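Take the given structure of chain A and dock chain B to it, following the hints.
In order, the protein sequences belong to chains A and B. 1 is the number of the first residue of the first sequence in our numbering; add one for each residue after it. 1 is the number of the first residue of the second sequence in our numbering; add one for each residue after it.
Calculated directly from the structure, the hints in this document are not laboratory data. Some clues are possibly wrong.
As the list makes no split between identical chains, a pair holds if one copy fits it or if it spans any two.
[As the list claims (entries may be wrong)] Within a straight-line C-alpha distance of at most 25 Å, the following computed DMTMM-like cross-link-like pairs (lysine to aspartate or glutamate) qualify:
#, residue 1, residue 2
1, Lys212, Glu171
2, Lys333, Asp89
3, Lys165, Glu211
4, Lys210, Glu171
5, Lys165, Glu306
6, Lys293, Glu100
7, Lys79, Glu223
8, Lys293, Glu304
9, Lys491, Glu197
10, Lys65, Asp298
11, Lys255, Asp230
12, Lys340, Asp84
13, Lys509, Asp81
14, Lys79, Glu511
15, Lys210, Glu167
16, Lys460, Glu104
17, Lys212, Glu223
18, Lys365, Asp114
19, Lys460, Glu534
20, Lys429, Glu237
21, Lys212, Asp114
22, Lys196, Glu144
23, Lys212, Asp231
24, Lys329, Glu197
25, Lys212, Glu167
26, Lys329, Asp81
27, Lys165, Glu534
28, Lys416, Glu61
29, Lys340, Glu306
30, Lys293, Asp253
Predicted, not measured: the structure shown is a model, and the values here were computed from it.
Protein chains: 2
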Amino acid sequence: MKNRKGWAILMRSRMKLPSNNTTNDNLFNKLPISNEIGLTKPASEGNQMNQNPSSFMQNSERELKAVQVSMHSAVSTSKTDIIDSVLNDFSEGYFSLSFEMRQELLLVLARECDVNRTQVRELIQQYLGLHPPLGEIGQESGVEESLLTAFYRTERNLRHALQPKYEILFERLNTHPGGLKFLSILRADLLSMLAKENIASVRALDSYLKEKLATWLSPASLELHHITWDDSASLLEKIVAYEAVHPISNILDLKRRLGVGRRCFGYFHPAIPGEPLIFIEVALQKNVAQTIKEVLRDDPPTPESEATCALFYSISSTQPGLAGINLGKFLIKRVIELVKRDMPHVSTFATLSPIPGYMQWLLIKLASQTKLAESEAGYTPHRLDGGSGSTFRKNILHKEEEAALMELSGEFYSGKNGMEVMWNLLNSKNYEWTSFERLSSVVRAPLMRLCSRYLLQEKKRGKALDAVANFHLQNGAMVERLNWMADQSEKGLCQSGGIMVNYVYRMDKIEENAQSYFGEGHIQASSDLQSYIESKLQGERVTGEK
Amino acid sequence: MKNRKGWAILMRSRMKLPSNNTTNDNLFNKLPISNEIGLTKPASEGNQMNQNPSSFMQNSERELKAVQVSMHSAVSTSKTDIIDSVLNDFSEGYFSLSFEMRQELLLVLARECDVNRTQVRELIQQYLGLHPPLGEIGQESGVEESLLTAFYRTERNLRHALQPKYEILFERLNTHPGGLKFLSILRADLLSMLAKENIASVRALDSYLKEKLATWLSPASLELHHITWDDSASLLEKIVAYEAVHPISNILDLKRRLGVGRRCFGYFHPAIPGEPLIFIEVALQKNVAQTIKEVLRDDPPTPESEATCALFYSISSTQPGLAGINLGKFLIKRVIELVKRDMPHVSTFATLSPIPGYMQWLLIKLASQTKLAESEAGYTPHRLDGGSGSTFRKNILHKEEEAALMELSGEFYSGKNGMEVMWNLLNSKNYEWTSFERLSSVVRAPLMRLCSRYLLQEKKRGKALDAVANFHLQNGAMVERLNWMADQSEKGLCQSGGIMVNYVYRMDKIEENAQSYFGEGHIQASSDLQSYIESKLQGERVTGEK
Numbered sequence: 001m002k003n004r005k006g007w008a009i010l011m012r013s014r015m016k017l018p019s020n021n022t023t024n025d026n027l028f029n030k031l032p033i034s035n036e037i038g039l040t041k042p043a044s045e046g047n048q049m050n051q052n053p054s055s056f057m058q059n060s061e062r063e064l065k066a067v068q069v070s071m072h073s074a075v076s077t078s079k080t081d082i083i084d085s086v087l088n089d090f091s092e093g094y095f096s097l098s099f100e101m102r103q104e105l106l107l108v109l110a111r112e113c114d115v116n117r118t119q120v121r122e123l124i125q126q127y128l129g130l131h132p133p134l135g136e137i138g139q140e141s142g143v144e145e146s147l148l149t150a151f152y153r154t155e156r157n158l159r160h161a162l163q164p165k166y167e168i169l170f171e172r173l174n175t176h177p178g179g180l181k182f183l184s185i186l187r188a189d190l191l192s193m194l195a196k197e198n199i200a201s202v203r204a205l206d207s208y209l210k211e212k213l214a215t216w217l218s219p220a221s222l223e224l225h226h227i228t229w230d231d232s233a234s235l236l237e238k239i240v241a242y243e244a245v246h247p248i249s250n251i252l253d254l255k256r257r258l259g260v261g262r263r264c265f266g267y268f269h270p271a272i273p274g275e276p277l278i279f280i281e282v283a284l285q286k287n288v289a290q291t292i293k294e295v296l297r298d299d300p301p302t303p304e305s306e307a308t309c310a311l312f313y314s315i316s317s318t319q320p321g322l323a324g325i326n327l328g329k330f331l332i333k334r335v336i337e338l339v340k341r342d343m344p345h346v347s348t349f350a351t352l353s354p355i356p357g358y359m360q361w362l363l364i365k366l367a368s369q370t371k372l373a374e375s376e377a378g379y380t381p382h383r384l385d386g387g388s389g390s391t392f393r394k395n396i397l398h399k400e401e402e403a404a405l406m407e408l409s410g411e412f413y414s415g416k417n418g419m420e421v422m423w424n425l426l427n428s429k430n431y432e433w434t435s436f437e438r439l440s441s442v443v444r445a446p447l448m449r450l451c452s453r454y455l456l457q458e459k460k461r462g463k464a465l466d467a468v469a470n471f472h473l474q475n476g477a478m479v480e481r482l483n484w485m486a487d488q489s490e491k492g493l494c495q496s497g498g499i500m501v502n503y504v505y506r507m508d509k510i511e512e513n514a515q516s517y518f519g520e521g522h523i524q525a526s527s528d529l530q531s532y533i534e535s536k537l538q539g540e541r542v543t544g545e546k
Numbered sequence: 001m002k003n004r005k006g007w008a009i010l011m012r013s014r015m016k017l018p019s020n021n022t023t024n025d026n027l028f029n030k031l032p033i034s035n036e037i038g039l040t041k042p043a044s045e046g047n048q049m050n051q052n053p054s055s056f057m058q059n060s061e062r063e064l065k066a067v068q069v070s071m072h073s074a075v076s077t078s079k080t081d082i083i084d085s086v087l088n089d090f091s092e093g094y095f096s097l098s099f100e101m102r103q104e105l106l107l108v109l110a111r112e113c114d115v116n117r118t119q120v121r122e123l124i125q126q127y128l129g130l131h132p133p134l135g136e137i138g139q140e141s142g143v144e145e146s147l148l149t150a151f152y153r154t155e156r157n158l159r160h161a162l163q164p165k166y167e168i169l170f171e172r173l174n175t176h177p178g179g180l181k182f183l184s185i186l187r188a189d190l191l192s193m194l195a196k197e198n199i200a201s202v203r204a205l206d207s208y209l210k211e212k213l214a215t216w217l218s219p220a221s222l223e224l225h226h227i228t229w230d231d232s233a234s235l236l237e238k239i240v241a242y243e244a245v246h247p248i249s250n251i252l253d254l255k256r257r258l259g260v261g262r263r264c265f266g267y268f269h270p271a272i273p274g275e276p277l278i279f280i281e282v283a284l285q286k287n288v289a290q291t292i293k294e295v296l297r298d299d300p301p302t303p304e305s306e307a308t309c310a311l312f313y314s315i316s317s318t319q320p321g322l323a324g325i326n327l328g329k330f331l332i333k334r335v336i337e338l339v340k341r342d343m344p345h346v347s348t349f350a351t352l353s354p355i356p357g358y359m360q361w362l363l364i365k366l367a368s369q370t371k372l373a374e375s376e377a378g379y380t381p382h383r384l385d386g387g388s389g390s391t392f393r394k395n396i397l398h399k400e401e402e403a404a405l406m407e408l409s410g411e412f413y414s415g416k417n418g419m420e421v422m423w424n425l426l427n428s429k430n431y432e433w434t435s436f437e438r439l440s441s442v443v444r445a446p447l448m449r450l451c452s453r454y455l456l457q458e459k460k461r462g463k464a465l466d467a468v469a470n471f472h473l474q475n476g477a478m479v480e481r482l483n484w485m486a487d488q489s490e491k492g493l494c495q496s497g498g499i500m501v502n503y504v505y506r507m508d509k510i511e512e513n514a515q516s517y518f519g520e521g522h523i524q525a526s527s528d529l530q531s532y533i534e535s536k537l538q539g540e541r542v543t544g545e546k
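Next up, chain A with everything else stripped away, as it sits in the complex:
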């Protein structure tokens, strides 16, 4: 980590920073990986490697068996005085296991500590037997109170019986010191496991645990903390380690992000002290920034009294095991309320966000359409001249864009059509196209237009394909503006050709937007963004007429 030396000097002591290999979670990574900063690292592997392979296997098996025993005991013991030590044994044992062994263990948990279905079946029969007289429930007239009491009791018993046995383990861990954090790591492992193979019982285990975590991490149980330079080094170290959007390059960078004209807020849970579950970085500005450079490098910053806009330029969640639990929505709402209260002159709340999936989507689109165009050229020549009716081949470029790109062909990048030229250009080494005005000016129009289409129209199960877009839209934001060359870092160019987007949160529209997005998948966008799409429709017509 670049700033390690700076840190050490500043803190006048040697610090152990999480190593660079630590996988930082990114709000936008959909498949989280176990992240154990601050927790004991698997120790056994290193130790055991020195032994011969067969005794290693035996030891591992023995170790796994031991953890399995403590797991079963943690589920089934009724001796409350030993629960704490059993849970400690289990969690310590779990951390000492390799990922493969953890998988084996989780499979055992999913299968052996599942619902008692014999009991469920019995109770269902009992329940159905009591059911008939209950057409009248609600009136309770004519039905004997004692019969009703029996019915309600059976219903409650059935409800309880439908809870898997691992419910007990989860509940116990939740009230055990360090247990909540452990559960989030356990869930991260479940997700890694499910990413490789879909096992129904493990999926059910995961979905159950997710529900429990969501309950325990309700907004009411979370504390909002304004993170400043006065916070402990151990906390700030975690901010550096977990920042997932715009890496913190050195100690000065960190100090600036916590200083004048900046805010950093974290959501903390009392059971996971000293470590935010999610945090957001805010810049106070005169106008909504168009490039990330303005935000990260403005020196001196806008005086706070002149700010009219609060820009959310980075949101990072720290626990891969909390994937799918939307803590960001409440965080953003509370931060808006807080800033509004403290700074009534701030009236605009916007983001400057990456578009992590754009370039990947576009390159696949260009490649597949190019191929289709080629194969069609070979097999169905009568369709080459366009035909807007074709469901297979669609030139996603406008006529003028196609022409401009073909002009580059030969001189810079070769290609049989505009799409292929564009593909080659975007794949050029070191993003060469950004260094030449001639190239970037040609590619700008189609890149911006298709980006708008990607954000507003490309969907998966009714939701925006882009994970960040989906995040802000479900929180009730609208798509406000695309910014050209807004992030010229390696990562920014790779993800989105350097384009960034402003989402805007209007407090009076948040719920309405969120509802119509959630219900009908409707995406609220500014007229600016809309106009790209309209020109696209026009463009297609034009293309079709070519």
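Same frame as chain A, now just chain B:
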């Protein structure tokens, strides 16, 4: 309240103390009553009383309807931006209702926001349809993964469907400011309602809410706070108001209970700030106190460095709506740990506890046995001379006790037998019997012996009949010693003839005791206590031989 003036002078400002009419909860009261210290009092009744009766009725009906509407809306709305205001409307509306109207409303909640049983029935059919292939669950061999996925999904849906709709209201209130406190008041109302009439759907509602509250108030979410004289007046005022065992008589009394040689600890929930859910008062002493006077009046107190014993002399829970949720167990365990850590020379942890149900039990016993004896005397004279085989008549007094009591007959209290004399003596005005050595010395032996029998042998559903005994026994304490004339206050004499009991907590035995009490109803007692019972058996034999 006696100490109001003292308070006001001390705090140099006028304070509104909860009035004497406020019903304080007592851990030992089994039927809690709504307690709304710190909350808006029903306002509507007073206002409406000025109107004519018919418009009063109409207004009340209208009001009830309005609260009902906000309740339904709080259950069913999906607009998260209005939830807060809907919940505010609902809770404010609820507080404005009379108890009768609250009952009506709760009945509506229980019946109309119940489980959707049509959906449950459908899902059960679906579930049973998927069930057969699941004999193999656990192996997942031969069963298609997609079938299993469908099965788990149906099972989860069934689990969800079995949750009543009011679950949503509870969850929403729990995360709403003031909502947890409101739910505890709502439950107190439910309990008052059920004390008058057993309605199955309301009982189910109560049992569901109790489960939820127990989850939310898990020890992990509670904070232990050492309450001192440096705490806010608003907090200390609540200690005065809620002290349920030994009323705090004046400001000096309060100060002493928080001063040298004393400790007061409260369990707080973050969502109910400034008000403990339960608190415990501790005296540090050289020996386990035998009278409450020693505890409340010792001046100067034992120097803390000389203390070897921590005496729990008062535990008060403040929320009637949390009845049946044992917060005391964890509180006592944590306090023992804390005191042990801070004062390693303290090795004995004991209580000095009231026996709230003793005198009531004894008087009923004496009266009924006397009556039985009389009726037997009339109808079955051949049995008058005893007959240990009689299942109806049992002289619960020993031969010597009977004789000593009959000696008093005529001179002080009349009676056909010892039991009747004793009944009359115990019911004498102003506890006259305690003022005369002659009387109290005669009654001491049977009172102590029968008290031991009451504590160790009288049970209800396998649990100790006495509520305080049951509380400490289920927490893992043992019955150590009975103390004669330990509490000579009006309340003490009325409840238990002035007898108090020491329960002792031995850390190494707590779990063992709790388990055997919970499992087999076994009550652990000192040999001292046991000897009373043994002499009782002897006594009965003697009576039988008379």
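Going down the list of hints, with the structure as the test:
1. Lys212 x Glu171: both (9 Å within a copy, 13 Å between copies)
2. Lys333 x Asp89: This pair counts as between: shortest inter-copy Cα distance 22 Å, intra-copy 40 Å.
3. Lys165 x Glu211: both (15 Å within a copy, 17 Å between copies)
4. Lys210 x Glu171: For Lys210 and Glu171, both the intra-copy (13 Å) and inter-copy (17 Å) Cα distances are at most 25 Å.
5. Lys165 x Glu306: Neither: 58 Å inside a copy, 49 Å across copies.
6. Lys293 x Glu100: Answer is neither: 43 Å inside a copy and 65 Å across each miss the 25 Å cutoff.
7. Lys79 x Glu223: This pair counts as between: shortest inter-copy Cα distance 24 Å, intra-copy 33 Å.
8. Lys293 x Glu304: within (19 Å within a copy, 64 Å between copies)
9. Lys491 x Glu197: neither (29 Å within a copy, 69 Å between copies)
10. Lys65 x Asp298: neither (57 Å within a copy, 58 Å between copies)
11. Lys255 x Asp230: within (10 Å within a copy, 38 Å between copies)
12. Lys340 x Asp84: between (45 Å within a copy, 19 Å between copies)
13. Lys509 x Asp81: Intra 52 Å, inter 10 Å, cutoff 25 Å: inter-copy only.
14. Lys79 x Glu511: Intra 48 Å, inter 7 Å, cutoff 25 Å: inter-copy only.
15. Lys210 x Glu167: For Lys210 and Glu167, the Cα distance is within 25 Å both inside one copy (12 Å) and across copies (18 Å).
16. Lys460 x Glu104: Neither: 32 Å inside a chain and 48 Å across chains, both beyond 25 Å.
17. Lys212 x Glu223: both (19 Å within a copy, 22 Å between copies)
18. Lys365 x Asp114: This pair counts as neither: shortest intra-copy Cα distance 44 Å, inter-copy 51 Å.
19. Lys460 x Glu534: Within. Shortest intra-copy distance 22 Å satisfies the 25 Å Cα cut-off; inter-copy 78 Å does not.
20. Lys429 x Glu237: neither (35 Å within a copy, 74 Å between copies)
21. Lys212 x Asp114: For Lys212 and Asp114, the Cα distance is within 25 Å both inside one copy (15 Å) and across copies (22 Å).
22. Lys196 x Glu144: The answer is between: 18 Å across copies meets 25 Å, while 55 Å in one copy does not.
23. Lys212 x Asp231: Close neither inside one copy (31 Å) nor across copies (36 Å); limit 25 Å.
24. Lys329 x Glu197: neither (30 Å within a copy, 45 Å between copies)
25. Lys212 x Glu167: This pair counts as both: shortest intra-copy Cα distance 9 Å, inter-copy 15 Å.
26. Lys329 x Asp81: Intra 40 Å, inter 12 Å, cutoff 25 Å: inter-copy only.
27. Lys165 x Glu534: For Lys165 and Glu534, the Cα distance exceeds 25 Å both inside one copy (55 Å) and across copies (45 Å).
28. Lys416 x Glu61: Neither way: Lys416 and Glu61 sit 59 Å apart in one copy and 79 Å across, limit 25 Å.
29. Lys340 x Glu306: Result: close within a single copy only, 14 Å intra versus 57 Å inter.
30. Lys293 x Asp253: within (12 Å within a copy, 66 Å between copies)
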